[in-house]
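The task is simple: from the sequences and hints, build the whole structure.
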Amino acid sequence: MTANEKIREARWHLREAATAELHVSAGSAHCAFVCTREGEPVVAAGSAFPEGVAVELHEARGTILQGKLRPLDDEAARHRFFAIANEAGPSLLRRLEIEEVVLPDGARIGAGDWLFAEPGWVEKEQYILDHMNEDHVREMREMCAQLVGVEEAEPRMLAVDPEGMHLRAGGAVHYLRFDETCDTVREVAMQTVMLTHRARELASSDAE
Numbered sequence: 354m355t356a357n358e359k360i361r362e363a364r365w366h367l368r369e370a371a372t373a374e375l376h377v378s379a380g381s382a383h384c385a386f387v388c389t390r391e392g393e394p395v396v397a398a399g400s401a402f403p404e405g406v407a408v409e410l411h412e413a414r415g416t417i418l419q420g421k422l423r424p425l426d427d428e429a430a431r432h433r434f435f436a437i438a439n440e441a442g443p444s445l446l447r448r449l450e451i452e453e454v455v456l457p458d459g460a461r462i463g464a465g466d467w468l469f470a471e472p473g474w475v476e477k478e479q480y481i482l483d484h485m486n487e488d489h490v491r492e493m494r495e496m497c498a499q500l501v502g503v504e505e506a507e508p509r510m511l512a513v514d515p516e517g518m519h520l521r522a523g524g525a526v527h528y529l530r531f532d533e534t535c536d537t538v539r540e541v542a543m544q545t546v547m548l549t550h551r552a553r554e555l556a557s558s559d560a561e
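Numbering (the numbering used here) for the sequence shown: 354 to 561.
Simulated from the structure, these hints should not be mistaken for laboratory data.
Please note: incorrect hints may appear among the correct ones.
[What the hints assert, rightly or not] Ranges between beta-carbon positions, derived for each pair: (1) Arg-431 to Trp-365: 21 to 27 Å; (2) Tyr-480 to Glu-554: 14 to 20 Å; (3) Glu-476 to Arg-361: 23 to 29 Å; (4) Leu-555 to Asp-426: 39 to 45 Å; (5) Met-543 to Thr-372: 37 to 43 Å; (6) Asp-483 to Val-377: 39 to 45 Å; (7) Val-377 to Arg-539: 29 to 35 Å; (8) Leu-555 to Asp-466: 31 to 37 Å; (9) Val-377 to Gly-463: 20 to 26 Å; (10) Glu-487 to Ala-379: 46 to 52 Å.
All C-beta atoms, glycine included, are put in the ideal place defined by N, C-alpha and C.
Okay, here's the thing in structure tokens:
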């Protein structure tokens, strides 16, 4: 696996996770978090973790994000958190300003190697969600059944990022990975088509 592949795998793992351990010098706490489109964690930090404090976010499969907690002034990121996270009520949210990332194999990278620039489709994200949820429910139903093993009559796409998408199905949120990084609406569409084809191929194999 190349260095870029290892970074991508770690980003995927982080987006698939719903909670992590947040560590400071005085102790640690289990917290909910959701990554922004660009890959920066938005953390339900609680009052025990004030702004500016140095923290480490430990993901269960070994990735550690080091940085400082900053105010969350991005309403799109706040909306994304509550769309994906299980927390339904008000919460004290902070963004983790990444300084360094420690990969599971111990390699260290800077924020520039971890974060994406704002994707070109950012102003069309609601269009992407509406289009999938209104016109492609059958395809998402097939994805859920074959790719995550969940039968769901009315799956919902909650969010998209350059490397995948979050769907709600079977009372939980599932993350589906893209094969290629997407910077345009067309590229996102092509990746959802590929996921549909993969699901149908699996269904055909099961039927044989």
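Hint check:
The hinted window of 21 to 27 Å between Arg-431 and Trp-365 holds, with their beta carbons roughly 23 Å apart. With their beta carbons about 28 Å apart, Tyr-480 and Glu-554 fall outside the hinted range of 14 to 20 Å. The hinted window of 23 to 29 Å between Glu-476 and Arg-361 holds, with their beta carbons roughly 25 Å apart. Taken as a hint, the range 39 to 45 Å holds for the pair Leu-555 and Asp-426, whose Cβ atoms sit roughly 43 Å apart.
One distance hint, 37 to 43 Å for the beta-carbon pair Met-543 and Thr-372, is violated here, with the actual separation near 32 Å. Taken as a hint, the range 39 to 45 Å holds for the pair Asp-483 and Val-377, whose Cβ atoms sit roughly 40 Å apart. A beta carbon spacing of about 43 Å between Val-377 and Arg-539 contradicts the range 29 to 35 Å that was offered as a hint. For the pair Leu-555 and Asp-466, the supplied restraint of 31 to 37 Å holds, since their beta-carbon distance comes to about 34 Å.
The hinted range of 20 to 26 Å is satisfied by Val-377 and Gly-463, whose Cβ atoms lie roughly 21 Å apart. Evaluation of the 46 to 52 Å hint for Glu-487 and Ala-379 yields a pass: the beta carbon distance comes to about 48 Å.
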